[in-house]
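Peer 1: Residue numbers (the working numbering), protein chains in the order written: chain A, 1 to 192; chain B, 193 to 1066; chain C, 1067 to 1404.
If you're looking for bench data, these hints aren't it; they were derived computationally from the structure.
One thing to keep in mind: the hints can contain errors.
As the list claims (entries may be wrong) - Think about it this way: if two alpha-carbon atoms lie no more than 30 Å apart in a straight line, the pair counts; the simulated DSSO-like pairs of lysine-lysine are:
| hint | chain 1 | residue 1 | chain 2 | residue 2 |
| --- | --- | --- | --- | --- |
| 1 | B | LYS775 | B | LYS359 |
| 2 | B | LYS584 | B | LYS538 |
| 3 | A | LYS140 | B | LYS212 |
| 4 | A | LYS148 | B | LYS538 |
| 5 | A | LYS107 | B | LYS584 |
| 6 | B | LYS212 | B | LYS584 |
| 7 | B | LYS775 | B | LYS212 |
| 8 | A | LYS140 | B | LYS538 |
| 9 | B | LYS775 | B | LYS735 |
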Amino acid sequence: MGVRRWIRAWPVYRQLTGPDPLGRGKAAESARSAGLVPRTERADRVVDSVCPYCAVGCAQRVFVREEPHEHVVQIEGNPNSPISRGRLCPKGAASKQLVTGPQRVQKVRYRPPYGTGWQDLDLDTAMDMVVDRVLEARRKGWQDRDAKGRTLRRTMGIASLGGATLDNEENYLIKKLFTALGALQVENQARI
Amino acid sequence: MGSNMAEAHPVGFQWVMEAKARGARVVHIDPRFTRTSALADQHVTLRAGTDIAFLGGVINHILTNDLSFREYVQAYTNASCLVGERFEDTEDLDGLFSGYDPRTASYDASSWAYESVPVEERPGGRAKEQAAPYQHGSGGPPMEGGAQGIARDLSLEHPRCVYQVLKRHFSRYTPEMVERICGVPQDLFLDVCRAWTANSGRERTAALVYSVGWTQHTVGAQYIRAGSIIQLLLGNVGRPGGGVFALRGHASIQGSTDIPTLFNLLPGYLPMPDVTHESLAAYLDGVRRPGQKGFWGNADAYTISLLKEYWGENATEENDYCFDYMPRIDGDHGTYRTAMDMVDGKVFGYFLLGQNPAVGSAHGRLQRLGMANLDWLVVRDLTMIESATFWKDAPETETGEIVAQQCRTEVFFFPAASHVEKSGTFTQTQRMLQWRDQAVEPVGDQRSELWFFHQLGLRLRRRLAGSTDERDRPLLDLAWDYASEDGEPSAADVLRHINGIDLRTGRTVGGYTELKADGSTACGCWIYSGVYADEVNQARRRKSRFDTGPYDAEWGWTWPMNRRVLYNRASADPQGRPWSERKALVWWDAERGEWTGHDTPDFERTKPPDHVPPAGSSGPAALRGDDAFIMMSDGKGWLFAPAGLADGPLPTHYEPHESPVRNLLYGQQASPVRKVYGRPDNPSNPAPPEAHGEVFPYVFTAARLTEHHTAGGMSRQLPYLAELQPELFVEVSPELAAERGLTHLGRAHVITSRTAVEARVVVTDRMAPLHIDGRVVHQVWMPYHWGQVGLTTGDVVNDLIGVVADPNVFIQESKVLTCDIRPGGRPRGSDLVDYVEDYRRRAGITPWTGVRIVTAGGHDGPGHTEGDPWEGPS
Amino acid sequence: MSRENSFHGPLADPAADAGHLGHPPRMGFFTDTSVCIGCKACEVACKEWNNVPEDGIDLLGMSFDNTGMLGAGSWRHVAFVEQERPLGRQDAGLADLPTGPSRSEAAAETVSRALPVAGRGGGDLGTAPVHLGFPSFELPGAGTGAQGRTEFRWLMSSDVCKHCTHAGCLDVCPTGALFRTEFSTVVVQEDICNGCGYCVSGCPYGVIDRRPDDGRAWKCTLCYDRLRGSMEPACAQACPTDSIQFGPLDELRERAARRVAELHGAGVPEARLYGHDPGDGVGGDGAFFLLLDEPEVYGLPPDPVVPTRDLATMWRYAGLAAAALLTAATAVFLEAGR
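Full structure from sequences and hints, please.
Peer 2: What follows is the structure in structure tokens.
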């Protein structure tokens, strides 16, 4: 910054020479204030989303910035929505904290039988362990026919609960896979 | 009613406020004065669990004063249909309907049928074990000959016509009786009746909103039936500004019912096969009958298309489209039954997918003890939740009932991807699918459910490859080859398959009317068919409300067929003209020979209003031009349900399972077919005519706060929400505070036969006592969001609640029970167990308490405990 | 521009007075409390956008208000007022129920007595239980009629910095950290503020405050950065029922006048505006309100010239106002009963 510009930027100079002799407005504007823009303007992408809490289905806009790493800079209502008109409740308004907060677990946690604490476990290993356990529980609870000889073709060894917070596509695969496994104790919040 | 909309659905409530600003009258009927009441024109305090008495009173008011929308009722409801001679009403049987079997505590519904309709007798016990109404899908149960002439009396005078049956059934529900049962002063009740009827008819419509305040009862389905009867009588169904709105509580709970992760359903409300279905033909016979009207007549196309989506090329006509690969249900496999089976060691592995039953399900203690008795548990969630950490910090670790070193359950916690870290659709409460684009990649091990289950499927199939075991065929033959995007299965491709594909062209179908029963189409969920019409993801549409018409047809996609108002044919009169210009929605355009209007007409587009189907037709072809209820087997809105419900063709006031008072209307105290689970770990508080109800003298109800979300995993962990409702509290009226010596902000504990829960006291005028048949009854309310994990922690309110359920849908009665409340904190450690045991002893509670469910005159009620219903002392 | 008006009285164009030439119209908030549902979306949306820290997980016992007051960590605050009096023609449904006397006033008293010892924000109130019991009275059901409470209303109102025409905080700020923007709003510049705290006592509403961790003063900026990007402030955008309305102040004042007339016509004579008058002690507020009771009931100073920081007094006012109204209502009732 040149000396002349430096002097011009000095509040007292601006106060004495500008239209704000009391120094309570333009003359007092700081460098930060002068350059202030909403952080959403620096977002690289704006993504259409939907609030994950209740079933009203308020439209959200997710502002994403790529630098220094891909991250969410803001989540707010989408005024174009005929459902919500851009508005959000306190939970919806807290979506950024929900998504970016330190409460989010990032790694698989494993608690062995009779264990008193969590252990680390590699995701791939954990998946294979679940495969083993699913097959074993399925076998232990398998029923071919009932007492009257009618077809059951099912296992009562595996149960599942959840789905109301998930996507339709996810629920579809869950039901499809469990049905093919013969597991039918598949339930979600709609029963509650 | 049964909804705290401003609090639980604040953004949806903007439309209520907008209607109010335009002159609508808002009435809120609820046990307590809430944030919704604060903005309503009128609040009505009623005793929790008495809504049917109130609604029955409204029905009686309408019928007695002849205030129904007569032309609508005659044309579009079954008011004129004659009920068979064998039918006996609760008026005749002291609170029971004909067909009751006290041994199984269930009904044989055959005597409820229309006069001229052939029915098969069904032993009630079986029906009760099958969540029957769900089994019949959204259109009600099948009815043979629905298209043929049902005996009718259009004058509505015949003593056996539905209208007269209704009139007689509800004649006891007088304003005086409403006051005595509900605690609602007669003047106030009549104000509501006047407001409701005055705002209904040709020129005006009234909307009814409910939420889980209605569903979480032993008679929940009948609450909704009662509301629907009023709306049908007043002509408020299928019309703009009318309707019965279920406000649902989770982002995709509607979707998870449409594409169900529920034991008794397949996608699109097709029933899960049961043990009586040895073949596809037998299964389809259970869904639709010969001669039946309406779109369930095409259930074969929907089912075969689903089987083709499940098993692809392996599903052929020769092998019944792999129908035999389906597991069969044979009873109650609901989540509470399963939790008890866990306790009993019958279940070995459990997946929890974004759900926290240790806090969020009724009887949290039963849930946790069940989880502590598994081989393994998989928890997938955003954050660490109580259901994942129960082995170290459950309330039972405090009492010594769970000890980590002795708890064998192996727990896997998989971090889940959040809503911005994956793409897919949610279905909101008005059936609209809205697609979300993925915004960012999840980090670390965070994965979507889509990835997890697709991977699990791939790995299971890899493990079983080459297996010759017949039981592995369904898995190995499964169509599991969805397109992938960067290693993730493509949600868009899954949605395409849900929409349905014409297998001859490989392109998506345009809607469910294009589905075929010959194996040439594959479709994952017939009611969602059209969401990917023309190979375009219609749910991704975002045409701004500023650039579109009043029904916003290009924002998202609403099932069925992007239709906003179901049964909207009823918005026009039988001749196809709008009932009034003010309330025009769809109408018949005679010049162009088609139905048109602001919304997608819910009717065959070119079928004229005066159409009379040829003899012998069935399915959609059998619908007359004025059969507005196109999914119903007779084309009519049902005031009287001749089949399909486990607990009667008409709503009847029964007291809750736990109630401080005797049923004033009938000898039958509570629902005679409610699902009880009599077992030592699921005790009930005594209710009249049982003795010792005074040990638990108060009515208890629980609900949500705006600032928190269900079991708290998505709110108690967030600082900005935790600080807004920072601590568990219990609300009492000043009168109850005086009676029990409770101080504002002091500590108190609430006790039931299950446990005691501690909270801070909030004394408020928002709670008020009621006069119930000459005595004062107090109500106690608690929010239920707390548990041991998070920034704000507290006792689990759901631990207070036992498991007893609606026999139709197996939803628990958690909105009303009885309790005691005492000042000060609850006992800690094992003292708590002794303390609650002492309460049980004083109240004389055994596993047989609350399970002798028949109390109507002339019946000697057996106890319905686990196992043999005759077991135990009598 | 008129120098005389720079410190008091009406001022047509505060931005021009502060040297912003060719500036946009004066922007502000009109908060219509008659449609507020008390959801607190404004509080959260504000914190999310402005990264305002969480400031105390404490149960306050002031109805559903657990924020307590505006401060460095709460730039929006929703007040909840329970009163024994009717709201317009609303029927609270209490008539003929077996009620005893109202306890709304006693609850307000309880809180007002506890707050002075709880410190600013009421932080300790929730963590240290205060057993301030009620005087005993006869058991319910024994008394009916005039003894029992028959009326009730629950008021909710979202409070915020008023962005005064003559802002005490700005006028006393020695560093130029506080300044008036081109939108005529009043903003603390965090890169200038040195934490001297003069502004805290300069505010007649008790809005601005310093953060314990960094010592600097913080308050609502009316989302200055968002305004620069032609965006609505976060709270106003989130507000589900449009209780918080944002726009050019002139338009808002017209809208507010219409709304008051509408409510008067609809049988809510108690509706009145607060902070809209350019002739008041701060030259009118950039953020003004439609209230359904006296400002003190909501914790707002009746005469905003005088800096008011005493929350205890504020809550006692609520109780006293309710009591006065109860007396009046009872008198009316007895009158009518004759």
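Peer 1: Output the numbers, in ascending order, of every earlier hint that fails for this structure.
Peer 2: 3, 6
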